[in-house]
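Student: For reference, the chains in residue letters:
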Amino acid sequence: MQTDDPTMSVSSALVWACRRDLYLAARSRAELAVVLLFFLLVASLFPLAVSPDPTLLRAIAPGIAWVAALLATLLGLPRLFAADWADGTLEQILLAPAPLPALIAGKVLAHWLVTGLPLLLLAPLAGLQFGLAADAIGILVASLALGTPILSWLGATTAALTLGARGGASLLALLVLPLAVPVLIFGAGAVESFAAGIGAEAHLSLLGAGLILVWVFGPFAAALAVRIAHE
Amino acid sequence: MMTTGSFWFQFASPARFYPLAGRMIPWFGGAAVLLSLVGLYIGFFVAPTDWQQGESYRIIFIHVPAAWMAMFVYLVMAFWAALSLVLNTRLSAMMAQALAPTGAMFAFVSLWTGAFWGRPTWGTYWVWDARLTSTLILLFLYLGFIALRASIDDPRRADRACALLALVGAVNVPIIYFSVQWWNTLHQGASVSLTAAPKMAETMLAGMLVMGLAAWAYTIAAALHRVRSIILEREAHARWTRELVR
Numbered sequence: 001m002q003t004d005d006p007t008m009s010v011s012s013a014l015v016w017a018c019r020r021d022l023y024l025a026a027r028s029r030a031e032l033a034v035v036l037l038f039f040l041l042v043a044s045l046f047p048l049a050v051s052p053d054p055t056l057l058r059a060i061a062p063g064i065a066w067v068a069a070l071l072a073t074l075l076g077l078p079r080l081f082a083a084d085w086a087d088g089t090l091e092q093i094l095l096a097p098a099p100l101p102a103l104i105a106g107k108v109l110a111h112w113l114v115t116g117l118p119l120l121l122l123a124p125l126a127g128l129q130f131g132l133a134a135d136a137i138g139i140l141v142a143s144l145a146l147g148t149p150i151l152s153w154l155g156a157t158t159a160a161l162t163l164g165a166r167g168g169a170s171l172l173a174l175l176v177l178p179l180a181v182p183v184l185i186f187g188a189g190a191v192e193s194f195a196a197g198i199g200a201e202a203h204l205s206l207l208g209a210g211l212i213l214v215w216v217f218g219p220f221a222a223a224l225a226v227r228i229a230h231e
Numbered sequence: 001m002m003t004t005g006s007f008w009f010q011f012a013s014p015a016r017f018y019p020l021a022g023r024m025i026p027w028f029g030g031a032a033v034l035l036s037l038v039g040l041y042i043g044f045f046v047a048p049t050d051w052q053q054g055e056s057y058r059i060i061f062i063h064v065p066a067a068w069m070a071m072f073v074y075l076v077m078a079f080w081a082a083l084s085l086v087l088n089t090r091l092s093a094m095m096a097q098a099l100a101p102t103g104a105m106f107a108f109v110s111l112w113t114g115a116f117w118g119r120p121t122w123g124t125y126w127v128w129d130a131r132l133t134s135t136l137i138l139l140f141l142y143l144g145f146i147a148l149r150a151s152i153d154d155p156r157r158a159d160r161a162c163a164l165l166a167l168v169g170a171v172n173v174p175i176i177y178f179s180v181q182w183w184n185t186l187h188q189g190a191s192v193s194l195t196a197a198p199k200m201a202e203t204m205l206a207g208m209l210v211m212g213l214a215a216w217a218y219t220i221a222a223a224l225h226r227v228r229s230i231i232l233e234r235e236a237h238a239r240w241t242r243e244l245v246r
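These protein sequence lines are chains R and V, in that order.
Each step along the first sequence adds one to the number in the numbering used here, with nothing skipped, and position 32 is 32.
Each step along the second sequence adds one to the number in the numbering used here, with nothing skipped, and position 187 is 187.
Treat the hints as calculated values from the structure; they're not laboratory data.
If you're wondering where the values come from, they're calculated on a predicted model, not measured in any experiment.
Glycine included, C-beta positions come from ideal geometry on N, C-alpha and C.
Treat each hint with caution, since some may be false.
To be verified - Restraint-style ranges between C-beta atoms, simulated for each label pair:
1) V86(V) with A202(R): 29 to 39 Å
2) L128(R) with V86(V): 31 to 41 Å
3) S13(V) with T7(R): 35 to 45 Å
4) Y41(V) with R58(R): 53 to 63 Å
5) L56(R) with V127(V): 13 to 23 Å
6) E55(V) with S205(R): 44 to 54 Å
7) R156(V) with L41(R): 35 to 45 Å
8) E31(R) with G123(V): 26 to 36 Å
To be verified - If the Cβ cut is set under 8 Å, some of the chain V residues that face chain R in the computed set are:
9) R23
10) M24
11) P155
12) N172
13) I176
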């Protein structure tokens, strides 16, 4: 941290928190791999459960990819604050002479970089499994790129709220999944309307608007949730 | 201004509000019973049979007020939640906590009665229609609120965590509503609108509005009753509660 100036600026706080969480993630790569494997595994279950018919699979592919992405994000959420909360690091972050929303934003950014970004890179693989066309895969990746950060922010706020609460992961799912419904609809809808020939611009624009909204309000809501967890 | 402010703020104290709520419950409870008797009488004996849907349409006298209240109670809950975060008043959080089960009950009732109405009218209990789906999600939001409340032991922390959750939910409710609407719509348009002339018989409308008022009165009475129990539970250490229950 800086030595001469007692308070950190917003950008340096964000970069510091993000870099710290990326270091920690790099030290536990197995956990990261589990989330990605989970995504591919859930996507592979659907042909087994529904039917191997290519036309049916192509029709439901965007929905499956999005549901799998949603569940994979959910799986990674408890890691965001739980370990820092358990060993007291989060309390130190709260007391640090730096803007808390910026520190939280750094943590969420790091979380997205280690779970959301790899999902984007894996999504084409799932798309090929389901026989999606190349341009439809492009739209799927674009919708995931805009949508998964929204999921990270919704998840960060609720994960902070459930710190120390009984119920853990299942409680988190009950809180996050209803809130994530619009992201799911617009994300999967983008690929479907593209495939139907209507074009995906409307859905992608709405996802983009949501992305801007969560980056404006998310840091403050999540910071408030972290403060509440330490009362 | 100052005097009216302090007049209202004195009821933010649970000790002052407890007897006031006790005096209001019989009035709102009585109104709920009377209004629902009148509303059901209008609904079942006065309102004419619908030429298209036959007698099965009469379920709207329960269904529509329940759906109204399910949405409205969430907003009221979010209002109390915001107040508890801003003013840090315990009673506001208790009000939000007391409203949640009633809201969840109304969401459930509107889904259940809707299913019974849908079977003869649409030929199916459930369709993935916009309004049905958004009411279902609303029910999940209520249940999440109740579950979060139940899983945090420290009541003050639970108050604030639930308040934030209710606010995030309230911001999300319109987004969910419109996203689901663009996604799929089979449900008929709103039956009652303030801008267009009502499309239904006057007596049907009257029955529905009376039932709506009954649901309103019931909600107030039930929430006040529940908030009294919550006050007793949480203020059990205070002297006035011990003197009260002795």
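Student: Which numbered hints are broken by the structure, listed smallest first?
Tutor: Per hint list: 2, 8, 9, 10 and 11 violated.
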